[in-house]
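Visitor: For chain A, the structure is supplied; the task is to place chains B and C on it using the hints.
Residue numbers (numbering that gives the first Met the number 0), protein chains in the order written: chain A, 0 to 268; chain B, 0 to 417; chain C, 0 to 387.
Don't read these hints as lab results, they were simulated from the structure.
Idealized CB from N, CA, C, for every residue including glycine.
Everything hinted at is true.
Keeping only pairs whose Cα atoms sit at most 27 Å apart, straight-line, the calculated BS3-like set for lysine-lysine is:
#	chain 1	residue 1	chain 2	residue 2
1	A	Lys115	C	Lys17
2	A	Lys157	A	Lys209
3	C	Lys12	A	Lys134
4	A	Lys134	A	Lys155
Beyond 12 Å from chain C on every Cβ pair, some chain B residues (computed):
#	residue
5	Ile7
6	Gly11
7	Gly17
8	Val31
9	Ala89
10	Arg97
11	Arg100
12	Trp149
13	Thr153
14	Gln178
15	Phe189
16	Ala193
17	Asp259
18	Asp293
19	Ser294
20	Asn349
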Amino acid sequence: MSRSQTGQPVTRNQDANHELSIRVRDLSLWYGESQALKSLNIDLYQKNVTALIGPSGCGKSTFLRCLNRMNDLIPGVRIEGLVEMDGRDVNARKMDEVALRRRVGMVFQKPNPFPKSIYENIAYAPRMHDLVGRKAEQDELVERALRDAGLWEEVKDKLHQPGTSLSGGQQQRLCIARAIAVQPDVILMDEPTSALDPISTATIEDLMDKLKKQFTIVTVTHNMQQAARVADYTAFFHLGEIIEYNDTKTMFSTPATKKAEDYITGRYG
Amino acid sequence: MQTNQHLILFLGGLLLLGLIAFILGRSKAARVRASGQAMYAQPDQYAWFTVVATAGPALLVGAVGAFLMLLVGAEIPTAYLLAVSLAVAAIGAAVGIRCVRPDFHAREAIERVIRWLLVSAALISIFTTFGILFSIVFEALRFFQMHNFWEFITGTVWNPGASFLAAAGRADDASSAAQFGSVPLFAGTFMITAIAMLVAIPIGLLAAIYMAEFAPQRVRTLAKPTLEVLAGIPTVVYGFFAAITVAPIIVNIAGFFGLDASFNNAVAPGVVMGIMIIPFISSLSDDVINSVPDSMRQGSLALGMTKGETIRDVVIPAALPGIISASLLAVSRALGETMIVVMAAGMRPNLTANPLEDMTTVTVRIVAALTGDLEFESAETLSAFALGLVLFAVTLSLNLVSVLMIRRFRAKYRVNNL
Amino acid sequence: MSQSFDVISSQLKKRHRKSARLKWISMSALGLAGLFLVLFFADMLSKGLPAFQQAYIQVELEYNEDATRMGRAAMDPEVARLVSRTFERLIPGQLRANPELLGTSETRWVLATSEVDQYLKGHDNKLRGNQQEVVDELIEAGRLELRFNTTFFTRGDSKMAESAGILSAAVGTVLTMLVTLAISFPIGVMTAVYLEEFAPDNRFTQLIEININNLAAIPSILFGLLGLAIFISFFGVPRSSPLVGGMTLALMTLPVIIIATRTALRSVPDSIRHAAFGVGCSRWQVVRDHVLPLAMPGIMTGSIIGLAQAMGETAPLIIVGMVAFIPDVSASFTQAATVLPAQIFTWAGEPERAFVEKTAGGILVLLSILIFLNATAVILRKKFERRW
Numbered sequence: 000m001s002r003s004q005t006g007q008p009v010t011r012n013q014d015a016n017h018e019l020s021i022r023v024r025d026l027s028l029w030y031g032e033s034q035a036l037k038s039l040n041i042d043l044y045q046k047n048v049t050a051l052i053g054p055s056g057c058g059k060s061t062f063l064r065c066l067n068r069m070n071d072l073i074p075g076v077r078i079e080g081l082v083e084m085d086g087r088d089v090n091a092r093k094m095d096e097v098a099l100r101r102r103v104g105m106v107f108q109k110p111n112p113f114p115k116s117i118y119e120n121i122a123y124a125p126r127m128h129d130l131v132g133r134k135a136e137q138d139e140l141v142e143r144a145l146r147d148a149g150l151w152e153e154v155k156d157k158l159h160q161p162g163t164s165l166s167g168g169q170q171q172r173l174c175i176a177r178a179i180a181v182q183p184d185v186i187l188m189d190e191p192t193s194a195l196d197p198i199s200t201a202t203i204e205d206l207m208d209k210l211k212k213q214f215t216i217v218t219v220t221h222n223m224q225q226a227a228r229v230a231d232y233t234a235f236f237h238l239g240e241i242i243e244y245n246d247t248k249t250m251f252s253t254p255a256t257k258k259a260e261d262y263i264t265g266r267y268g
Numbered sequence: 000m001q002t003n004q005h006l007i008l009f010l011g012g013l014l015l016l017g018l019i020a021f022i023l024g025r026s027k028a029a030r031v032r033a034s035g036q037a038m039y040a041q042p043d044q045y046a047w048f049t050v051v052a053t054a055g056p057a058l059l060v061g062a063v064g065a066f067l068m069l070l071v072g073a074e075i076p077t078a079y080l081l082a083v084s085l086a087v088a089a090i091g092a093a094v095g096i097r098c099v100r101p102d103f104h105a106r107e108a109i110e111r112v113i114r115w116l117l118v119s120a121a122l123i124s125i126f127t128t129f130g131i132l133f134s135i136v137f138e139a140l141r142f143f144q145m146h147n148f149w150e151f152i153t154g155t156v157w158n159p160g161a162s163f164l165a166a167a168g169r170a171d172d173a174s175s176a177a178q179f180g181s182v183p184l185f186a187g188t189f190m191i192t193a194i195a196m197l198v199a200i201p202i203g204l205l206a207a208i209y210m211a212e213f214a215p216q217r218v219r220t221l222a223k224p225t226l227e228v229l230a231g232i233p234t235v236v237y238g239f240f241a242a243i244t245v246a247p248i249i250v251n252i253a254g255f256f257g258l259d260a261s262f263n264n265a266v267a268p269g270v271v272m273g274i275m276i277i278p279f280i281s282s283l284s285d286d287v288i289n290s291v292p293d294s295m296r297q298g299s300l301a302l303g304m305t306k307g308e309t310i311r312d313v314v315i316p317a318a319l320p321g322i323i324s325a326s327l328l329a330v331s332r333a334l335g336e337t338m339i340v341v342m343a344a345g346m347r348p349n350l351t352a353n354p355l356e357d358m359t360t361v362t363v364r365i366v367a368a369l370t371g372d373l374e375f376e377s378a379e380t381l382s383a384f385a386l387g388l389v390l391f392a393v394t395l396s397l398n399l400v401s402v403l404m405i406r407r408f409r410a411k412y413r414v415n416n417l
Numbered sequence: 000m001s002q003s004f005d006v007i008s009s010q011l012k013k014r015h016r017k018s019a020r021l022k023w024i025s026m027s028a029l030g031l032a033g034l035f036l037v038l039f040f041a042d043m044l045s046k047g048l049p050a051f052q053q054a055y056i057q058v059e060l061e062y063n064e065d066a067t068r069m070g071r072a073a074m075d076p077e078v079a080r081l082v083s084r085t086f087e088r089l090i091p092g093q094l095r096a097n098p099e100l101l102g103t104s105e106t107r108w109v110l111a112t113s114e115v116d117q118y119l120k121g122h123d124n125k126l127r128g129n130q131q132e133v134v135d136e137l138i139e140a141g142r143l144e145l146r147f148n149t150t151f152f153t154r155g156d157s158k159m160a161e162s163a164g165i166l167s168a169a170v171g172t173v174l175t176m177l178v179t180l181a182i183s184f185p186i187g188v189m190t191a192v193y194l195e196e197f198a199p200d201n202r203f204t205q206l207i208e209i210n211i212n213n214l215a216a217i218p219s220i221l222f223g224l225l226g227l228a229i230f231i232s233f234f235g236v237p238r239s240s241p242l243v244g245g246m247t248l249a250l251m252t253l254p255v256i257i258i259a260t261r262t263a264l265r266s267v268p269d270s271i272r273h274a275a276f277g278v279g280c281s282r283w284q285v286v287r288d289h290v291l292p293l294a295m296p297g298i299m300t301g302s303i304i305g306l307a308q309a310m311g312e313t314a315p316l317i318i319v320g321m322v323a324f325i326p327d328v329s330a331s332f333t334q335a336a337t338v339l340p341a342q343i344f345t346w347a348g349e350p351e352r353a354f355v356e357k358t359a360g361g362i363l364v365l366l367s368i369l370i371f372l373n374a375t376a377v378i379l380r381k382k383f384e385r386r387w
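Here chain A stands alone, though its shape is the one from the complex:
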């Protein structure tokens, strides 16, 4: 298939930005003997939301974790191929994965605030990265991050309570605030709403829409409505391959492949 070699979407979204953020070529990944990703090609564009959909076990989350090398933490993983960001091969030996993760942040499936106060949850990383100096700067950064994450009004009076005292949806937004506080280029979201109630989910979807003005967002979702609502582009994964990568509207109205159509219409998944 020609399109999987170029990595570009079948149909372009006319409203979207098309500056390249991450270029993936022939990316394969093995867990020990079993191959989880098979020669993936995809171009991810800046200041867009790209949704990765597909049945469970198809490799979406694995692929997402390749983008900031979180797979390094799993023993026995072997990766081949190119993930290129800012003209650099992410998987190269020379690439400092800590530096990479500073530019490619991540939000996880289950909210995982640190066992610290709300304030510290956000201020901790920027302080370590020397992004802020004085206390006032720090306060300002915490407030901005919390405002951007839409959490400020709810927590401004209890900044020094533990992050774990918040509700699940608030915790997840705290984690998003934490991620944006280090000012990354890309934010990866691994099914960020799957552990949340519908109202919190809606809040976070709105948030993603706002955040894409500043950040490139790549999100994995099980929920097709969510992909349709928030994403500019959608990639359909199946058994470790990208079957179709397309403008979201096109993907959900006239998918180019039979498999994607079957999945989207609920024939399996």
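Guide: Structure of chains B and C alone, referenced to chain A:
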């Protein structure tokens, strides 16, 4: 020994009666069953029931009798007791055999007995705690009748030397009155405990961090049991090691720096005790660090933190309640440790801040007070129980706080995993 | 706009170094703990191994009249001073028992004094210069040598280092452990069975649980106080006897066995219990016929570990008087006895240099037994371990 013979007679008679009851009960049950009647239980179960009916009451009577003799000092001739309890056994056997009827639930009866046996076994652990508490409190109270509690807690001179004279009714002969001020003992105990913790906590915690966060699987599976060996070495062996090997080394090192160290210095037992305690800290901390959810680490790494920062700022704070709990347990163990200090620390109560001097500890004085041919009634002997009481109170509270902290830690991470 | 990779990487250098430093420090902490272990064993081996060899001397014995009163008279006075007094003292009795020996002579290898022994091993000793010369000559002549020390394993305690052995302590340990096991195993298993299989989850059960955990952490010396005040003073159990020592240690071992048994019972899956209930077993029958047999390997492992712990325990035994000087082996539960760790403690307190070696030798024996027990426990667990 008359009593011993009676005991053997009693057990023999009981065994015989039990056997007869078993055979009779079983054959009766078998007969009833052969006659075609439906029974609630198996013949064997009836037979066992008759045995229980025979032995149970008789043992009870025997035990109560023996207890009365020992406790109340009641003058019961043992022959009497023997006859009575065997008679009870015979009556029990007769009743048991009568009970072998089709409508009798022999199995349920046996299981009720078993259940009570199990409950009483479980009670023994409670009795042990109360036994320790009462035996200590009782004797300690007698001590505090002789010597002021306040002086015991706040006094700075421990000089029990003359107390045996007082016990012998010759108090006037003593050139100076015995003094029981426990402060120097506790000071020595805390000094040695502090040295032990200075060794054990950093090494144990860092070793746990290495095993949990850095070490490859192979090193991990090898290192943990190896460290456990340190915990399995008997304390008397550590005591010898401290006194014979470590203390001279400490003296030499101190001499090298121009310092004067006693061969009974506090550093040697402290360091060796610390080595002994390393596995307590490392093993518990390793478990706790491992139970910090991985999502915490990933959350931190995904923000561009290095591994070291993740451990220092996220993993350790999360594991802190567990680590503190492990350290408290270790402190409690060090406070109560006896053999190392008995063999390597001094005997002289010495209130000093210099760890190179000899000093003594609470446990050393307990041992000193209770060995040798001292009279049980003397204040020095009783002072051991007073010291034991304080030791009990301190270690008990440390243990309880530690248990509560670890429980809270567990509860927290079950909840936090959503 | 955000910083480029190169800028970030250069900022990170210091932090990476810090992180690596943590790794190295923590690794060396583990290494340090391992080093302690190695040093400890090396020290014990170097001190204790010589105890398994003892100096023996070849003497010519002339059984004359004087020797029936004083054994020393049977030997060349020069050599007699090098022979252990334990042997000397045997001669008169031997002669009185066998008068036909009188007037005869024989050549025998006998125990030398501990001073000779220490001299041969190159340690400090109290041999005088001319005695050392005699010893050197005897060695030259092949009449004095180090042999395997059978005395150490076949005799009880002695005030003379060369004839001190661990047998009476070993017998005492066996007797004490028998008492400990006979009490703590049934009670421990029963308690665990009650808590795990029968007990309702109420306040009372929780109290027992907290109590058991607490008992496991109470200083062992306090158990000694209990033994002294209750078993000895109150119930009149003979002091220093294996009975009272065993009872005291049993209470200490109880929590270990209870905790191990509960873990073993818990690891038997509920499906087994449900299946047994399903075919009409009563609760007790389920436990007796299905759960206990499956949990047995775990229970045994725990009990062996508890036993090993009790075997190394000294402090409570000192309090109940089990540090007696026991030269003769006695196999009674009610007479004074000593145990291996207590024997080690006694020897450690002896001022003579030769006893240092005995102490370390005793330690090596004790450690070997403990290692053997723990290895058995590990093997038992490996062999019968079952994953459900």
